[in-house]
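Peer 1: Under full-length UniProt numbering, the residue at position 401 of the sequence shown is numbered 401, and the numbers go up by one with no gaps.
Some hints could be false.
Think about it this way: if two alpha-carbon atoms lie no more than 16 Å apart in a straight line, the pair counts; the simulated EDC-like pairs of lysine to aspartate or glutamate are [stated by the list, open to error]:
1. 487 x 603
2. 370 x 353
3. 18 x 201
4. 521 x 571
5. 17 x 162
6. 242 x 362
Hints listed in this document are in silico derivations from the structure and should not be mistaken for laboratory results.
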Amino acid sequence: MKWGILKSRSLMTQVVKKLELNISYFKEGNVRNTEIYRDELPFKVSFFVKDSTFFERDTTFTIKILSDSTFELANSKTNSRVSHKYGKNVQVQNAEMIITPPVNISSREINTTYIVNIDPLKFVTNNYRKNIDVSLLYKKASILELKLKSPVKLKAQRILDELIRQYNKDAIEYKSLIGNNTDKFINERLALIEEDLRKVDKTAETFKTTNKLTDIPLETGIVLKTNSIVEKEIIDLNTQLKLVNYVSEHMNSNAQRLIPENLGINSSDVNSSSTQYNTILLERNRIAQSSGKNNPVLLNLDAQLAQLRSSITQGLSNLKHSLSISLSQARSQERTIDSQISSAPRKEREFRDIQRQQQIIETLYLFLLKKREENSISLAVTVPNAKLIDAADGSNIAVSPKRKMVYGMALLLGLLVPFGIIFLSFLLDNKIHNQEDLEDALKTPIIGNIPKTLDDNKILTKSDRGNVAEAFRMLRTNMNFMLGNLKEQPKAIYITSTVPGEGKTFVAINLATVLAMSNKKVLLIGADVRKPKVAEYLDMTTATNGLTVFLADNSIQINQIIETAKNGDFDVIQSGMVPPNPSELLINGRFDEVLNYGKAHYDYVIVDTAPVNMVTDTLQIASKADLFIYLVRANYLDKRLLEIPKKLYKEKRIPNMTVVINGTDVKKGYGYGNGYGYGYGHEEEKKSWFKRLTNRS
1 MKWGILKSRS
11 LMTQVVKKLE
21 LNISYFKEGN
31 VRNTEIYRDE
41 LPFKVSFFVK
51 DSTFFERDTT
61 FTIKILSDST
71 FELANSKTNS
81 RVSHKYGKNV
91 QVQNAEMIIT
101 PPVNISSREI
111 NTTYIVNIDP
121 LKFVTNNYRK
131 NIDVSLLYKK
141 ASILELKLKS
151 PVKLKAQRIL
161 DELIRQYNKD
171 AIEYKSLIGN
181 NTDKFINERL
191 ALIEEDLRKV
201 DKTAETFKTT
211 NKLTDIPLET
221 GIVLKTNSIV
231 EKEIIDLNTQ
241 LKLVNYVSEH
251 MNSNAQRLIP
261 ENLGINSSDV
271 NSSSTQYNTI
281 LLERNRIAQS
291 SGKNNPVLLN
301 LDAQLAQLRS
311 SITQGLSNLK
321 HSLSISLSQA
331 RSQERTIDSQ
341 ISSAPRKERE
351 FRDIQRQQQI
361 IETLYLFLLK
371 KREENSISLA
381 VTVPNAKLID
391 AADGSNIAVS
401 PKRKMVYGMA
411 LLLGLLVPFG
421 IIFLSFLLDN
431 KIHNQEDLED
441 ALKTPIIGNI
451 PKTLDDNKIL
461 TKSDRGNVAE
471 AFRMLRTNMN
481 FMLGNLKEQP
491 KAIYITSTVP
501 GEGKTFVAIN
511 LATVLAMSNK
521 KVLLIGADVR
531 KPKVAEYLDM
541 TTATNGLTVF
551 LADNSIQINQ
561 IIETAKNGDF
571 DVIQSGMVPP
581 NPSELLINGR
591 FDEVLNYGKA
601 HYDYVIVDTA
611 PVNMVTDTLQ
621 IASKADLFIY
631 LVRANYLDKR
641 LLEIPKKLYK
651 EKRIPNMTVV
661 INGTDVKKGY
671 GYGNGYGYGY
681 GHEEEKKSWF
691 KRLTNRS
């Protein structure tokens, strides 16, 4: 028994159709629905399908028992609920359904709802093919064990029993197909031989009548006795040769026909190859019914059939050649004997020829009659391939899932998953989180640590005492310390970052604000002319005469592009319109005029520049800076990108470079040292209504 056949699509499809496994039934419960087999239902459901596509679509409806004579049919797709009587035709999509009423319905079944699911036939077939397990019961034994896990014991038993029944049924049909084909072949040959036999009998009768012959002369008895042995050999050889010719003609007439077996051809190789050819051809035709021409299994079987067909043809050719040689030798011997009886009358010899032909045809005719009887007996006693030793039986104890294993796995996962998530978070973490991470990666002075604020567009006021405000005041102090050698001289401070989104405009505006709070004149220049954000942060209308217009138009004066911020604390030069050639504008010399003017009229010139990893704008104007603040945003910048500021600092491409970390977690502390905070600055905490109520009391 081949394991693959038991799990084949064609065999499993027959089982699914026979048992209607594509239709599943569930009893609705308060917590969960319980699947039951159709034979366990308190009623019987019969479908009359008009359209074959009915079983190729998902369909779900419910049957609610109202009484011993009525039920309610509900369809969730159409939101319909209709009462029907038992035994009446009910329309369900493209099919009709009849529900046979229960014989003795109990009161507990009243108002019970049953769910009917109809799944696509192909889906159900493939599902059972995967779930059925076929294995050897013992090593080196021909006993197979079939297993199927199912929540419904009775359903699994019926499936396994029906699978074996269908397998045996198919095996008997295949054997009968070979036998019937052989029987048809023999009957066709017998009809032809009967005609030949009638003709030779008529010839013998005519010859005797014409030549008045009665018997062979006694004097040739001894020679004829010897000759009879040779003649028998010739008859046998002729019989074999004709059988070979018959089979060859049969094969040449149709390449897809089964080859007759057990005809008596004296060649074990041809007989065994014919049997193997028929077996593979039947398997090939069975698979072809449910798959396309390009199925790899079908192509492989066709290749095997072609090879076997070639082998059989060659075997028949070799056998025919061998029989021809043997027949030639026998006839040569016959001629020798004929020479010994040359004295016999010519007519007697001619009659012997007719008799010999008669015997050959009679022998072949009797041989085929015998084979027909043998084939008929074989068909009558055809037995199935598999013998059922034990019928399917299931345990009342659940085999899956195993509770102890589930609990153990749940406990193990409960321990491993949190640790795994923590480990992966550390393993995959490539962000800068705090000042310590920055100190480990850079040797550049860190002069500020700006905590994360709830408002990314927050602009400080004089009354602010929160953590962000204190952090900017600390930055102002540290910055002035770094610029101590300039003392009361005007200072140009550039602010940049590695990539956009790190908050350089936010820092530039609030740094200008805290500097202005110390009674200093401050000019803020929006030098990020590719992606300006200053006007948006300060809630100002985008200027038509901004920095880019001044750089491009020599007729524009500096005082024409200077505006005062809405809070009135400092002046602003907006970036202006985005130009097509920002790099060229920044190095045409006019930007130096802006810086010189700023230093001549202001204490501090704050320049918001473009990110250094995106464009070269910032590096082209970097030489004019008195202090360069390189901004790094916590929990945002990839650690690998710190190679950029490290290289710039090492190569001294940015003068007097310092670093400020932005967006650190205030709960973890900020500032210098080991991450502790101090108690003067704090964010305004949003209290819940419950806390506000308790505080009042």
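Peer 1: If a hint holds in the structure, say so; if it doesn't, say that too.
Peer 2: Status of each hint after checking the structure:
{"no.": "1", "hint": "487 x 603", "in the structure": "holds (11 Å)"}
{"no.": "2", "hint": "370 x 353", "in the structure": "violated (26 Å)"}
{"no.": "3", "hint": "18 x 201", "in the structure": "violated (57 Å)"}
{"no.": "4", "hint": "521 x 571", "in the structure": "holds (8 Å)"}
{"no.": "5", "hint": "17 x 162", "in the structure": "holds (11 Å)"}
{"no.": "6", "hint": "242 x 362", "in the structure": "holds (13 Å)"}
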